[in-house]
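**Student:** So the chains spell out like this:
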Amino acid sequence: MASSRPPWIWPTAAYVHIPFCAFRCGYCDFAIAVGKDDRQDEYLRALEAELTRLGSPQRIQTLSLGGGTPTHLSADWLDRLLILLSRWLIVEPGGEFSIEANPANLDDEKIRVLADHGVTRVSLGSQSFDRNVLRVLDRDHAPEDVPRAVERVRRRIATISLDLIFGAPGQTLEQWRADLRQARSLEPQHLSTYGLTYETGTPLWKRAERGEVNPLSEDDELSMYETAIDMLGEAGFEHYEISNFAKPGYRSRHNSVYWANHAHFGLGMGAAKYAEGVRSLNVRSLEGYLTRALSGQPTEFQSETLPPHERALETIGQNLRRAEGVVHSEFQEQTGFDLQTLVGPAIARHVGWGTLEADDDAGVRLTRRGRCVADSVIQDFWKPPAERAT
Amino acid sequence: MATDPKLIRNFSIIAHIDHGKSTLADQFLLKTKAISPRDFQAQHLDSMDLERERGITIRMHPVTIYYETHRKKYELNLIDTPGHVDFGYEVSRSLAACEGVILLVDAFQGVQAQTVATAYLAMESDLTIVPVLNKIDLPIARPDVIIPEMEQALGIKPDEVIRASGKAGIGIEEVLDAIVERIPAPSGSVDNPAKALVYNSHFDTFKGVVVYVRVMEGRLHKGQKIKLMRHNTEYEIQDMGQFRPAMTTVNELIAGQVGYFVAHIKTLGDVHIGDTVTDAFNPTTEPLAGYKEPKPMVFSGLYPVNNNDFETLREALGKLKLNDSSFTYLPESSEGLGFGFRCGFLGMLHREIIQQRLERESNLDLVQTAPNVTYELLNRHGQTIMIDNPQKVPDSGQIEEFREPIGKISFLVPSENIGDIMKMCADRRGTYIRTEYLSPTRAILVYEIPLAEVIYDLYDKLKSATHGYGTMDYEIIGYRPADLVRLDILVHGKRVDALSTIVHRAFADTRGRKLVKKLRGEIDRHMFEIALQAAVGSRIIARETIAALRKNVTAKCYGGDITRKRKLWAKQAEGKKRMKQIGQVEIPQEAFLAVLDTSEEK
Ligand SMILES: Nc1nc2c(ncn2[C@@H]2O[C@H](COP(=O)(O)OP(=O)(O)OP(=O)(O)O)[C@@H](O)[C@H]2O)c(=O)[nH]1
Ligand code: SF4
Ligand SMILES: [Mg+2]
Chain A
1 MASSRPPWIW PTAAYVHIPF CAFRCGYCDF AIAVGKDDRQ DEYLRALEAE LTRLGSPQRI
61 QTLSLGGGTP THLSADWLDR LLILLSRWLI VEPGGEFSIE ANPANLDDEK IRVLADHGVT
121 RVSLGSQSFD RNVLRVLDRD HAPEDVPRAV ERVRRRIATI SLDLIFGAPG QTLEQWRADL
181 RQARSLEPQH LSTYGLTYET GTPLWKRAER GEVNPLSEDD ELSMYETAID MLGEAGFEHY
241 EISNFAKPGY RSRHNSVYWA NHAHFGLGMG AAKYAEGVRS LNVRSLEGYL TRALSGQPTE
301 FQSETLPPHE RALETIGQNL RRAEGVVHSE FQEQTGFDLQ TLVGPAIARH VGWGTLEADD
361 DAGVRLTRRG RCVADSVIQD FWKPPAERAT
Chain B
391 MATDPKLIRN FSIIAHIDHG KSTLADQFLL KTKAISPRDF QAQHLDSMDL ERERGITIRM
451 HPVTIYYETH RKKYELNLID TPGHVDFGYE VSRSLAACEG VILLVDAFQG VQAQTVATAY
511 LAMESDLTIV PVLNKIDLPI ARPDVIIPEM EQALGIKPDE VIRASGKAGI GIEEVLDAIV
571 ERIPAPSGSV DNPAKALVYN SHFDTFKGVV VYVRVMEGRL HKGQKIKLMR HNTEYEIQDM
631 GQFRPAMTTV NELIAGQVGY FVAHIKTLGD VHIGDTVTDA FNPTTEPLAG YKEPKPMVFS
691 GLYPVNNNDF ETLREALGKL KLNDSSFTYL PESSEGLGFG FRCGFLGMLH REIIQQRLER
751 ESNLDLVQTA PNVTYELLNR HGQTIMIDNP QKVPDSGQIE EFREPIGKIS FLVPSENIGD
811 IMKMCADRRG TYIRTEYLSP TRAILVYEIP LAEVIYDLYD KLKSATHGYG TMDYEIIGYR
871 PADLVRLDIL VHGKRVDALS TIVHRAFADT RGRKLVKKLR GEIDRHMFEI ALQAAVGSRI
931 IARETIAALR KNVTAKCYGG DITRKRKLWA KQAEGKKRMK QIGQVEIPQE AFLAVLDTSE
991 EK
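Going line by line, the protein sequences match chains A and B.
Just so we're aligned, residue 1 is where the first sequence starts under the numbering used here, counting upward by one.
Just so we're aligned, residue 391 is where the second sequence starts under the numbering used here, counting upward by one.
Hints are not guaranteed to be accurate.
With a straight-line cut-off of 25 Å between C-alpha atoms, the simulated BS3-like cross-links for lysine-lysine are [claimed, not checked]:
#, chain 1, residue 1, chain 2, residue 2
1, A, K247, B, K946
2, B, K946, A, K206
3, B, K851, B, K907
4, B, K782, B, K685
5, A, K206, B, K957
6, B, K547, B, K617
Keep in mind that the hints were calculated from the coordinates and are not lab data.
Extracted from the complex, chain A is given alone in its bound form (with noise of 0.2 Å):
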């Protein structure tokens, strides 16, 4: 009954986030939760509350473990964790489970765990293999963590992603391109590239406000960028979005869900959901999720249906992080506007500059110099009417 409902209604992806980590990385502005891990059983608890409330079990395509890091806690909490999600959350065949693992803690037992359990898809957050980038970023691992993390989930888990981060204060356009090189050598199907943010109140924006980090020019994080994009497509990784690139056919499936602006449930603290229009968050902190949900209130501190205007941009903004855009048809059909009508002179107005390029019957996708402004060009389609009025 419920799947009979288009994917942007009713969910098709799971999202539960697991908050416990060693200690706080300076850059992250995460929900997360440090030296808590002895609220562990209680968080399992409040998780189990808050799947109790979906009232039955749920066939899902995709399902996505983030953090925090899902790995820090023991193995035998792993397996507790999913034989809980495995009676509520159903991946159909075919579907895909994904994790996140820290390369520093990531044993053999818990790889046995998770694909006892059914992960088909382990994100190590490797980040760099460069030992001062590391430490400018607090990670706790080493470089030579991570292709030995690679070799040992390799043999029980098919697909492999690596996260990079690049633009670290300090690092060179060549330690970068190392670090890309080390990471195509270990032959994952996917790779993320995120540029490193400077988030408002986090330890290392403070530094930067202080003048003791120096964040990069916007130009060396340009061609770092760029670096990424020529390497990895000369590796043979699609470009598939704005910060991610995979082997045909390994695109990661839940993440895609969020970039198609459709319906996702999300669990534990702080996770975001998105079912039948509404849009909710839940809280951030420890405490108060735990309170939450083990006193059996609802674990959201807020939530908002947009109207259907609103939800049509913020489609187009999701959208647009694709390679393949905004697709008119799909577009009319899960936002009810149609494409050229609701914001045609800014298209226009893009392709003109070069940032965006169009077709009447595909849709709307970024060029390579509108992904590297891509903010700018989405911004430039929630202006108010009166400039339309010109």
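Assemble the complex: chain A is given as a structure, and chain B with the ligands must be docked to it using the hints.
**Tutor:** Structure of chain B with the ligands alone, referenced to chain A:
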């Protein structure tokens, strides 16, 4: 109740801004029980929202109170006046309705520029001055220094100065007694033909136009057929009364009294401030002298961000005009900004207030161009034309003589800052006139400076040069020829008319350079490179480029939480409301005002 003219006293309270006029008026209201402590609020007469918010008086406020002394009941008509120089004309209007003034001087700050300016106005009108040293309650009050200063600057006899505090309620009765004893009763006779001065008016949503009058001769009464002498227009008095401070109906106002009447007058434009009211059947032969209307001296273009709002803006301006006849507006159009209005203001504060009222009362997003003064131009055909908009400057070949308005500025500053002030004036093409010392530590410095150099930020600069202790006052003394040119700005190859300014040729290059540099900081990077050029005629004098945006991309939308991102988009879109799209370039409101910032450092 017929009041004996001998028991009437009419006076204004005048002072430099913030020296405590409205607070002293409060004390009068309380002391004479015109208002009960329960209904009272500080600066009671400042009734407009903006007045209350800013804590300053913008309009004059007349009020009638009754004071008993020596077993007689006196009718006191007092007018609280604004201290800010933009509203100086309200002071002169008030004075014409009075026989005396209370001149307040802050016991700490002492004699300031508007103290001198308003005191001179009162002397020129032969009014009796009751000098009051106010805020005597302040621990830092300096009567020993300030009283000699008053003597030196204004010839005030030290023994006439009353020490008071409007805030602490000190010396209030003494001041009231001095009003009764020192200020003469009005001299008119009830038996003469009616003659009354229109000294103000306001628009009341229920009553229509309310005309403020001071009866000089004869009487005005309800039902009377009256004539406004300026255009010989006749009306019938429907209602009349006094401000006590609430509008209170009376049946007649006799020679010497102050009050208001309502007579089915449709718009404020039909009433001329300074006009004489007389009886339609028994008119006086001699109208009163009246006064000059204040002329707007600062102009700027006001444009709706959304062109569809043009009519809404017109309506909003019309509504405001009902309440404030001192500003002007005329439709104009600009290539870049579309359709809007050229508005004239009395000064920069006036301009700011009008804009705030517009935005607040009609919920419009407005773009405002840099303010300019009115120039005078003699063309080759021997015609003199007024230029209130840089766009109207003809080709240089057409210009015989270009003239600019000159202001005479009196600075009242600590002596130690005289050097800085002189430098500041020299930088602004000022001509030194004279220095007068009030005391060894304070001096009045008089300069003639082109008005264009005065209006923008001279006041702020004065304040910073004197650590807040300097004050200034100015009056416009006429036009003088100058070597002026129009400085144009080209954005992405297009001249943006709204960014043009009129400058002295000698400063055109420096100012052009500063301006494009400033603009570079105001305009965001776009998807393409933007050239900014400054030009005089066809000569490009400065150029800057805004590089194309190269990188702006968020790496990651974390865990599907796109709410945050969307809110950011929406917020930034909101911020864009104040941008004007000119060609392909978005220009923020700040950029149109960028001209102001460069005006000081040349
Ligand atoms: N200590 C002290 N403060 C006073 C006194 N009178 C006024 N003030 C303060 O001075 C400030 C200005 O007072 P106002 O009465 O608004 O001054 P004003 O002259 O009417 O000001 P404008 O109408 O703007 O020119 C306020 O903060 C008052 O509280 C006084 O006698 N003593
Ligand atoms: S491991 Fe990841 S989630 Fe944990 S602190 Fe570091 S960046 Fe944040
Ligand atoms: Mg006041």
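**Student:** Hint by hint, say whether it matches the structure.
**Tutor:** Okay, the hints, checked on the actual structure:
1. The straight-line distance between the Cα atoms of K247 of chain A and K946 of chain B is roughly 20 Å, inside the 25 Å bound, and the hint therefore holds.
2. Simply put, K946 of chain B and K206 of chain A have alpha-carbon atoms about 21 Å apart, close enough for the 25 Å limit, and the pair holds.
3. Pair hint K851 of chain B plus K907 of chain B holds up; C-alpha atoms about 21 Å apart against a cutoff of 25 Å.
4. Distance restraint check for K782 of chain B and K685 of chain B: the Cα-Cα separation of roughly 20 Å lies within the 25 Å cut-off, and the hinted pair is therefore satisfied.
5. At most 25 Å may separate the alpha-carbon atoms for a hinted pair to count; K206 of chain A and K957 of chain B meet this at roughly 24 Å.
6. This hinted pair does not check out: K547 of chain B and K617 of chain B have alpha carbons roughly 44 Å apart, beyond 25 Å.
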